[in-house]
Amino acid sequence: MGVLRRNLTAYGFLCAALFCFTVFAWYPMVREFVLSFQRTDLINPPEWVGLANFQGAVQDPAFWEAWLNTVEFTFLALVCGYAVPFVVALVLNELRHARAYLRFVVYLPVMLPPIVAVLLFRWFYDPGPGLFNQLLDLAGLPPLAWLDSSSTALISLVLVATWMNMGSATLIYLAALQNIPPELYEAAELDGAGIFRRIRHVTIPQTRLILLLMLMLQIVATMQVFIEPYMLTGGGPENATVTVAYLMYQFAFSQMNYGQAGALGMMLMLVLLVFAALQLRWTREDPA
Amino acid sequence: MTSVAATRPKRGRARTPKPIHVQFRTIVSPHQLNSRWGRRIYWLVLAAVVVTFSLAFVFPLYWMVTGAMKTPEEVAQVPPTLVPAQPTLAPFFEAWELFDIGTLLANTVYYALGAWVFCMCVDVAAAYALSKLRPAFGNVILGAMLATLMIPPMVILIPLYVTIVDLGLLNNPWGLWFPAAANGFNIFLLKRFFDSIPRELIEAAQIDGAGPLRVLWSVVLPVSRPILGVVSIFTIVTAFKDFVLPLLVMTDSEKMTISVGLSQTAGAVTQNQVMGGLVIAAVPMIIVFFVFQRHIMAGLTAGSIKG
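Chains A and B are the protein sequences, given in the same order. Going by this note's numbering, the first sequence opens with residue 1, and the numbers climb by one from there. Going by this note's numbering, the second sequence opens with residue 1, and the numbers climb by one from there.
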């Protein structure tokens, strides 16, 4: 087969994917950049407005709060969604019974459509007959306002997010733990290392790469939280749960200001790209 | 196991408990595990974990199902009942009517299966071209496709929506299918698997006179069943679960997905009806999980680097 013919066939096979990627993945990135310097309502021709969209976004009363909330949400979600699955995976890996059941159960919420988890928890958070306050009552504790108080709303969202997402992280850690050669533990044991030192000096170094990778993936995933504030709190109370992604949605679809939403999207993209670059560097440095 | 326990001589007063079978070595050594205290602690931890997991992950679902079987009065009752006093299936039928779940579910299944067929055609062809036909600039294209994985979907949501509006694809399933096919992760998984297919296998087919399409259909696809299964399930599940893009693209109530439909109507109906709707939305995914558990768990780690 001639070189030309081979290339032609190859591009024949590629053309559908090239079309999809060009129009629906690569072009939107460029479009975001262009959009952020334009004012458009999607009906009339767009006009160039320079940096006005960025100014508008920064001056929005919820702007700084949205970033703070997003950072706080990401931090809380990391504590719950990053450390907890690792500890859970460590324990699961030690168990010799009910393994299939436990793995099935922990991944079950991941399979549910997010709307199911979110609406279910909205009911649990109900201050009256909601499950959580009833449980608190049963334990003799005072009820909480959950989503209705600015001090507990954000952590309530983190709780849902953790419940519905931790399964995949747990199973990925579990797979990584099972790849650790048993000889390393035997050697550590012969050297007199106790259980915690075995974790510290064998388990963590052996899973370092996957731990780093998951850290970055988690940060990137939680930085774009949308469905939880959208469905549960609408950003309230008092903007306590406005995230950057939610604010972007509001700019675009409540204020019909697509340019300003694009500007905020650009900022979020830059922040996430910094994280992605860091991830690439850290994982590259690793000899494995 | 039982025969071992039966033949072991009895020591002291109590029957020696069955040793905990250790298949592979982990942090706790088999010796420690089978010591007197090790065994006690093990069973205690096991029981605690099983109970906690059941409470944390199964009980909410139990609450959802039983909530849908209570009357509106019982669902709002304080304190709540653990078991419905008069279990009824009526809320399921009411939810079906009120949410118009028949239409929503049919739409969602249609979009998910359409996304699957389209994704598989586009991504398999592309991965095959990049892996086996190796065109000029193939690596540049692959790199650009993988680079999209660095950009989280939420970030380009607005320009993607604007593009879909410009193309007049609002309320058109292609508005979901085209973006679904632009999936760098599918291309990556498929290409990596195709790369591992021995060259000899393909050359043998070429000597027999098979063209590229024939090679793909009769050689590459049959040996790639495992990865095709993984990619298929993930594409279908992702499409079924997707919320934000269908929320923006499929705005006609006749064309909504089940997630979006539930989110729009949930405020207007009683709590037991909401739960009925949620159960109906959850059941298809739970069935998929029961049936394809193995593939899903294998696929979860297929993409990640081995630690």
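Worth flagging that the hints you see were computed from the coordinates, not collected in a lab. Glycine included, each C-beta is placed from N, C-alpha and C at the ideal position. Careful, some of the hints might be misleading.
Here are some chain A residues the structure puts well away from chain B; computed CB gaps all over 10 Å [what the hints assert, rightly or not]: (1) Glu32; (2) Glu65; (3) Leu78; (4) Tyr82; (5) Ala83; (6) Asp137; (7) Gly140; (8) Asp148; (9) Ile155; (10) Asp191; (11) Gly192; (12) Ala261.
Derived, one-sided and incomplete: chain A residues facing chain B with beta-carbon distance under 10 Å [stated by the list, open to error]: (13) Ala16; (14) Arg39; (15) Ala252.
Pair ranges (Cβ atoms, derived) [to be verified]: (16) A:Gln178 to B:Tyr110: 24 to 30 Å; (17) A:Val274 to B:Gln86: 54 to 60 Å; (18) B:Thr88 to A:Asp137: 56 to 62 Å; (19) A:Leu51 to B:Arg199: 42 to 48 Å; (20) A:Gly50 to B:Pro222: 54 to 60 Å; (21) B:Asp252 to A:Ala100: 40 to 46 Å; (22) A:Ile199 to B:Val223: 39 to 45 Å; (23) A:Glu183 to B:Ala106: 54 to 60 Å; (24) A:Asp191 to B:Arg39: 23 to 29 Å.
query: Taking each numbered hint in turn, which are not upheld by the structure, reported in ascending numerical order?
result: 1, 6, 12, 14, 16, 18, 19
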